[in-house]
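Under the UniProt record's numbering, think of the first position of the sequence shown as 1, with each following residue one higher.
Among these hints, one or two may not hold up.
[What the hints assert, rightly or not] Keeping only pairs whose Cα atoms sit at most 27 Å apart, straight-line, the calculated DSS-like set for lysine-lysine is:
id, residue 1, residue 2
1, K75, K29
2, K107, K82
3, K204, K75
4, K126, K82
5, K107, K151
6, K258, K75
7, K258, K233
8, K258, K204
9, K233, K29
10, K126, K107
11, K75, K107
Rather than coming from a laboratory, the hints here were simulated on the basis of the structure. Because the structure is a prediction, the values reported are computed rather than measured.
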Amino acid sequence: MNALLTLSHVTKIYRQGGMLGRRQIVAVKDVSFEIGSEPEILSVVGESGSGKSTIAAMILGQTTPTQGELQFRQKAVALHGKAERRAFMREVQPVLQNPFEAFNPLKRVDRYLFETARNFSVGGAKPDRQQIERLADQALHHVGLSLEEVKGRFPHELSGGQLQRAAIARALIPQPRLLIADEPVSMVDASLRMAIVNLFEQLKHELGLSIVYITHDLATAYYISDRIIIMRKGEIVEQGEARRVLDNPQHAYSRALKDAVLTADFASTS
1 MNALLTLSHV
11 TKIYRQGGML
21 GRRQIVAVKD
31 VSFEIGSEPE
41 ILSVVGESGS
51 GKSTIAAMIL
61 GQTTPTQGEL
71 QFRQKAVALH
81 GKAERRAFMR
91 EVQPVLQNPF
101 EAFNPLKRVD
111 RYLFETARNF
121 SVGGAKPDRQ
131 QIERLADQAL
141 HHVGLSLEEV
151 KGRFPHELSG
161 GQLQRAAIAR
171 ALIPQPRLLI
181 ADEPVSMVDA
191 SLRMAIVNLF
201 EQLKHELGLS
211 IVYITHDLAT
221 AYYISDRIII
231 MRKGEIVEQG
241 EARRVLDNPQ
251 HAYSRALKDA
261 VLTADFASTS
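Input sequences plus hints: build the corresponding full structure.
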């Protein structure tokens, strides 16, 4: 079966400083993996500076690799024009870390949903107002909300959990095949984190979505993942089926990450 997403020997080098003091920072080094045609949740786990968010940015076409290639549906991720980017974003959508940064505090939340429905309507024809509201309401219902709950409300009038659900709903409106969720629960209250994680699992099954779940939280990765990639200093140190890797990690860094998480955290997610 054809892969949905493929990264082949991808390296990203940032160059800092002027001509005399120029230095290189290798953010990602020779990373390869793929997501197949069947829906799955692939977690990319690592500490700050491990390169996981740089991988997210490259998948989303926000930055280009220095070496190697990314392909989505066997086509290079190289977004050169507005039409090409829009077509790509119909199928690949981000879910960001901080929902309060994803929404302008002076703009009503429903405006974002309506704009997305207008710009990414499925079928080509511009939807009318009634259709726009229906698309927004359908997406909100997938995340346990409704248009009635968010209509006319500003971001500060919603809880962090509600706002992150609204951000996920917005990402669902174009009916994508792939979500790139970059630390999506790190800014949510601990009591609500598992609810968001469970939501991703639900969306995988209900909508046939694949999700790249980027996190430093090994406990939620253990709970949610079909497969897992563990990164350190820009390199993959271990990858494979999630339970197999995390129940019996082979690399010293993987073992250290697991040891840093309380055993109770794993027991509670089993």
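Going through the hints against the structure:
Pair hint K75 plus K29 holds up; C-alpha atoms about 22 Å apart against a cutoff of 27 Å. Restraint check: the Cα-Cα separation between K107 and K82 comes to about 24 Å, which is no more than 27 Å; the hinted pair holds. Proximity of K204 to K75 is assessed by CA-CA distance (about 23 Å); at most 27 Å being required, the pair is judged to hold. Restraint check for K126 and K82: satisfied, since their Cα atoms lie roughly 18 Å apart, inside the 27 Å limit.
For the hint linking K107 to K151, the alpha-carbon distance of about 12 Å falls within 27 Å, and the restraint holds. Distance hint between K258 and K75 is unfulfilled; the C-alpha atoms sit about 36 Å from each other, more than 27 Å. In summary, the hint linking K258 to K233 is supported, as the alpha carbons are separated by about 17 Å, within the 27 Å threshold. Taking the CA atoms of K258 and K204, the gap is about 26 Å. The hint holds against a cut of 27 Å.
The suggested pairing of K233 with K29 holds, with an alpha-carbon distance near 8 Å, which does not exceed 27 Å. For the given pair, K126 sits about 23 Å from K107 by alpha-carbon distance, which is consistent with the 27 Å threshold. In summary, the hint linking K75 to K107 is not supported, as the alpha carbons are separated by about 36 Å, beyond the 27 Å threshold.
In this structure, the earlier hints numbered 6, 11 are contradicted, and the remaining ones agree with it.
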